[in-house]
Amino acid sequence: MEPEDEKAYADYVEQSWPTLVRAAVFLGARPHEAEELAQATLVRCYTGWDRVSSADDRDAYVYRMLLNCLRDVRRTRWWKDRQYDVPPEPVDPGQPGQPGQPGQPGQPGQHGQHGQHGQHGHPDTAERIAVADAVHRALAALSKPARDVVVLRYFVQLTERQTAEALGVPPGTVKSRLSRALAHLAANDHLLDLSGGTK
Amino acid sequence: MTDLERLWDDYPTDPAPTRAILAAAHGRPRARRRLLVRPLLSAGVVTALAGAFVTGVFVSGGGDGGGDGGSPGAGPGGGGDLPRHVAFQADLAPAKSCADLLRAYVDRGLDQVGPWGWGMPDLKVYESSLSALSMKRDAAATPGTVRQNSSDTGTNVQETGVDEPDTVKTDGTLLAVVRGDELTTYDVTGSSTRRLGSLRLPGVADAEILLSGDTLVAVGADDGHRDTGTRVVTVSLADPTQPSVSDQVAYDARLVSARQHGSAIRIVLASPLPDLDFVSPGRHRTTRQALAENRRIVERSTIDDWLPTMAVDDGKATDLLDCGDVAVPSDAIAVGTTSVVGFAADAPAKVDAIALAGQTDIAYESADHLYLATSGNAFVDCIRCPYQAGPLLGRRNLGTSYLFDFALDGVRATHVASGQVEGVIRDRWSMDEAGGVLRVAVAPSSETGPFNAIVTFARDAQDLVERGRLDHLGRNEELQSVRWFDDLALLVTYRQVDPLYSVDLTDTAHPRLIGGLKVPGFSAYLHPLGKSRMIGVGEGPDGRGGWGARIGLFYVRDVRHVRLVNAISYGSDSQALAGGDPRTFTWLPSHRTILTVVERWAGDRRVGYLSVLRLAGGRLHEHRMAVEYGDDVDLVRAVPMPDGRVVLVTGEKAQFFEL
Numbered sequence: 001m002e003p004e005d006e007k008a009y010a011d012y013v014e015q016s017w018p019t020l021v022r023a024a025v026f027l028g029a030r031p032h033e034a035e036e037l038a039q040a041t042l043v044r045c046y047t048g049w050d051r052v053s054s055a056d057d058r059d060a061y062v063y064r065m066l067l068n069c070l071r072d073v074r075r076t077r078w079w080k081d082r083q084y085d086v087p088p089e090p091v092d093p094g095q096p097g098q099p100g101q102p103g104q105p106g107q108p109g110q111h112g113q114h115g116q117h118g119q120h121g122h123p124d125t126a127e128r129i130a131v132a133d134a135v136h137r138a139l140a141a142l143s144k145p146a147r148d149v150v151v152l153r154y155f156v157q158l159t160e161r162q163t164a165e166a167l168g169v170p171p172g173t174v175k176s177r178l179s180r181a182l183a184h185l186a187a188n189d190h191l192l193d194l195s196g197g198t199k
Numbered sequence: 001m002t003d004l005e006r007l008w009d010d011y012p013t014d015p016a017p018t019r020a021i022l023a024a025a026h027g028r029p030r031a032r033r034r035l036l037v038r039p040l041l042s043a044g045v046v047t048a049l050a051g052a053f054v055t056g057v058f059v060s061g062g063g064d065g066g067g068d069g070g071s072p073g074a075g076p077g078g079g080g081d082l083p084r085h086v087a088f089q090a091d092l093a094p095a096k097s098c099a100d101l102l103r104a105y106v107d108r109g110l111d112q113v114g115p116w117g118w119g120m121p122d123l124k125v126y127e128s129s130l131s132a133l134s135m136k137r138d139a140a141a142t143p144g145t146v147r148q149n150s151s152d153t154g155t156n157v158q159e160t161g162v163d164e165p166d167t168v169k170t171d172g173t174l175l176a177v178v179r180g181d182e183l184t185t186y187d188v189t190g191s192s193t194r195r196l197g198s199l200r201l202p203g204v205a206d207a208e209i210l211l212s213g214d215t216l217v218a219v220g221a222d223d224g225h226r227d228t229g230t231r232v233v234t235v236s237l238a239d240p241t242q243p244s245v246s247d248q249v250a251y252d253a254r255l256v257s258a259r260q261h262g263s264a265i266r267i268v269l270a271s272p273l274p275d276l277d278f279v280s281p282g283r284h285r286t287t288r289q290a291l292a293e294n295r296r297i298v299e300r301s302t303i304d305d306w307l308p309t310m311a312v313d314d315g316k317a318t319d320l321l322d323c324g325d326v327a328v329p330s331d332a333i334a335v336g337t338t339s340v341v342g343f344a345a346d347a348p349a350k351v352d353a354i355a356l357a358g359q360t361d362i363a364y365e366s367a368d369h370l371y372l373a374t375s376g377n378a379f380v381d382c383i384r385c386p387y388q389a390g391p392l393l394g395r396r397n398l399g400t401s402y403l404f405d406f407a408l409d410g411v412r413a414t415h416v417a418s419g420q421v422e423g424v425i426r427d428r429w430s431m432d433e434a435g436g437v438l439r440v441a442v443a444p445s446s447e448t449g450p451f452n453a454i455v456t457f458a459r460d461a462q463d464l465v466e467r468g469r470l471d472h473l474g475r476n477e478e479l480q481s482v483r484w485f486d487d488l489a490l491l492v493t494y495r496q497v498d499p500l501y502s503v504d505l506t507d508t509a510h511p512r513l514i515g516g517l518k519v520p521g522f523s524a525y526l527h528p529l530g531k532s533r534m535i536g537v538g539e540g541p542d543g544r545g546g547w548g549a550r551i552g553l554f555y556v557r558d559v560r561h562v563r564l565v566n567a568i569s570y571g572s573d574s575q576a577l578a579g580g581d582p583r584t585f586t587w588l589p590s591h592r593t594i595l596t597v598v599e600r601w602a603g604d605r606r607v608g609y610l611s612v613l614r615l616a617g618g619r620l621h622e623h624r625m626a627v628e629y630g631d632d633v634d635l636v637r638a639v640p641m642p643d644g645r646v647v648l649v650t651g652e653k654a655q656f657f658e659l
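These protein sequence lines are chains A and B, in that order.
With UniProt numbering, the residue at position 136 of the first sequence is 136, and numbering never jumps.
With UniProt numbering, the residue at position 124 of the second sequence is 124, and numbering never jumps.
Don't read these hints as lab results, they were simulated from the structure.
Since the model is a prediction, treat every value here as computed from it, not as a measurement.
A virtual CB, placed ideally from N, CA and C, is assigned to each residue, including glycine.
Among these hints, one or two may not hold up.
[What the hints assert, rightly or not] Pair by pair, the computed Cβ-Cβ distance ranges are:
| # | chain 1 | residue 1 | chain 2 | residue 2 | range |
| --- | --- | --- | --- | --- | --- |
| 1 | A | 7 | B | 304 | 51 to 59 angstroms |
| 2 | B | 436 | A | 143 | 39 to 47 angstroms |
| 3 | B | 319 | A | 3 | 51 to 59 angstroms |
| 4 | A | 5 | B | 472 | 45 to 53 angstroms |
| 5 | A | 183 | B | 513 | 35 to 43 angstroms |
| 6 | A | 157 | B | 495 | 16 to 24 angstroms |
Work out the full structure: start from the sequences and follow the hints.
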């Protein structure tokens with residue numbers, strides 16, 4: 001790769017990273033997988049970079065890659081027995097200020113309590129797991145195609161055309177799936193529960 | 001949504017591990033096919049990854065010479081074969097033996113297996129089994145603007161004389177409706193419709209039906225295996241008050257298309273990569289070991305793993321195909337199996353089946369030919385190139401669509417020619433055959449300029465040879481719809497306005513652009529009413545700052561100067577379903593009226609309207625009524641009867657509709 005392309009690629013990595021990771025979580029990945037997926041996606045994109053670096057198609061291409069990576073992982077591994085192998089941070093029952101909700105995932109801003117948990121020692125781990133869990137429950141009401149459209153179009157804010165390209169469906173399908181999915185989500189009581197989940 | 005939005009914003013992310021990603025990217029072998037790179041845990045793994053690549057080299061084995069698997073040319077072998085129809089009469093040769101065929105599958109499979117199993121992205125990610133049937137957005141085709149009428153069974157189809165499945169069928173006296181798996185028959189000879197009988201179709205989901213005499217053929221997903229199975233159920237309507245199941249055939253392959261020519265039914269089935277018992281790396285197995293083991297698993301696969309089966313009346317599954325009825329196409333086509341299965345409506349268990357050992361996503365049938373095509377989607381190929389950049393680098397066929405032409409004779413299909421075109425074929429509506437010439441509307445890919453094109457093909461011995469082309473249609477615009485006539489094509493592309501191009505196909509060697517019209521919005525479905533007028537169903541600005549469904553009346557008498565006469569706007573957040581499913585569009589020439597379904601979201605409620613468009617005084621006059629809600633909106637059909645009356649079918653009812 002030419003130095004200037006290399007620079008452009010690196011810039012793209014920097015700039016797209018948070019959104020890619022969030023998208024992976026919203027698409028169903030668990031927190032620790034989300035970063036791997038984002039990374040695998042970007043690594044995959046490197047090889048074809050000269051072909052996709054035209055600004056118009058780039059995002060569609062990258063998110064298509066993300067979906068494919070996710071799909072590969074999902075097909076072969078954790079999707080089949082989908083349970084949280086990284087359990088939400090256990091809440092100390094005796095801890096003050098958390099009135100008796102043992103099932104409630106950990107709360108943000110309480111980073112102190114999981115410092116010694118080996119690989120999950122990152123201060124944000126508990127919050128990530130909690131958020132991901134809440135997101136997955138909320139989006140579970142949607143079919144996978146509907147969820148993919150919502151994530152790419154609504155959250156990542158790809159254009160309708162980019163979303164269509166990333167998903168390999170016609171733009172009209174994006175539009176109709178999105179409106180249906182948003183309506184469905186708006187009517188979803190489950191979302192109300194989320195408010196308690198994080199803040 | 002606001003809660004989800006907040007969760008989106010709140011999700012903590014670390015800074016991008018840019019250096020690690022760059023290192024991993026550099027470590028990628030640029031000239032070696034490889035498998036899914038899956039960095040394990042952020043930064044620390046990069047070296048391990050590089051290691052995996054190095055070890056990846058030992059894998060290279062079967063890539064180079066063996067690629068083409070099915071040795072071309074009939075060859076001397078195959079002794080003792082019974083005389084049989086030669087299903088492959090062009091460049092493709094059937095496999096000489098099951099061992100040969102398996103070798104071809106395994107060779108190609110090895111290119112795609114990784115430590116976690118199949119590493120190649122599967123292309124038809126979200127295509128549900130019926131979505132190919134329930135056609136996509138993009139529009140339709142017919143002669144020079146010549147009137148397009150519904151099929152004999154009341155369905156608005158692509159090709160005159162080739163019937164397509166739908167949820168409603170009629171022979172003029174009897175109306176059959178399927179809703180999910182519930183079949184209901186109605187007598188439509190009286191002054192009002194009368195319900196006759198019903199039947200739950202066994203083992204089938206989201207069925208659609210075809211009608212041949214008093215045999216009804218339901219085709220749908222196999223209930224037990226919706227994503228991977230197809231079920232055909234035939235029903236005798238000899239006594240329409242008591243429809244009864246005659247035969248059932250289950251296939252372990254996904255339905256791509258179903259068509260009816262007279263009493264011959266033809267289905268195209270797709271079998272993707274087989275579900276082998278792959279291992280994954282873990283505590284007891286390194287990535288390298290898992291890869292080696294998965295490769296062994298592929299090598300040990302049997303021909304039964306790769307070829308589809310059929311089961312009659314839920315009996316034992318048997319092979320759908322003889323190995324000698326499967327041909328191996330170019331290895332640029334994703335490995336898998338596409339089967340072409342023909343049968344008579346009254347004998348679904350007696351099939352004539354041949355197959356390609358590759359995945360083709362698109363099937364278009366003219367009156368006497370079937371064309372299978374790979375879409376040539378640039379993404380697909382670009383996703384492959386990181387893996388296959390090695391041996392395939394020089395001939396990776398990025399963005400090229402492959403075409404396979406089969407001659408049809410009753411239930412039998414014979415491969416007669418192959419071809420290819422640079423660019424993307426969006427779907428079956430992008431193809432049309434007239435006078436022995438195949439015309440294809442091609443969207444841009446990595447191998448073309450940033451424009452759409454029309455390419456014509458003629459059969460020359462075993463090849464589909466490019467005969468003419470017209471490039472530079474809708475530069476940087478997206479192809480929305482095409483309507484084909486014998487000597488004319490009308491194309492709609494879109495970016496901000498709707499250029500409607502007229503292409504003269506009188507001389508297929510030299511397609512000529514003869515006109516263009518730009519109006520706001522675009523038409524996703526074009527329906528010619530006759531020589532002078534055409535309807536465009538699509539979307540556009542609603543005139544009040546919003547965006548929604550729009551139906552326009554075009555004057556096409558002089559195709560060099562197409563004019564928009566008037567347009568009906570349905571308000572923001574509305575959508576005309578005919579853009580995605582032309583079967584929701586009904587043209588009633590005797591009433592000079594169009595019935596079509598428009599949906600609108602009212603809060604979280606989906607409301608389906610029947611829009612009645614009357615053509616009078618050279619203009620469209622519209623009124624509409626809410627006829628259905630929720631998912632059942634998809635079931636709304638206006639079915640024309642031979643006597644000029646119309647039955648409106650909804651989720652619950654089928655009643656005459658007073659015009």
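For this session: Report the numbers of all earlier hints that the structure fails to satisfy, in ascending order.
Result: 4
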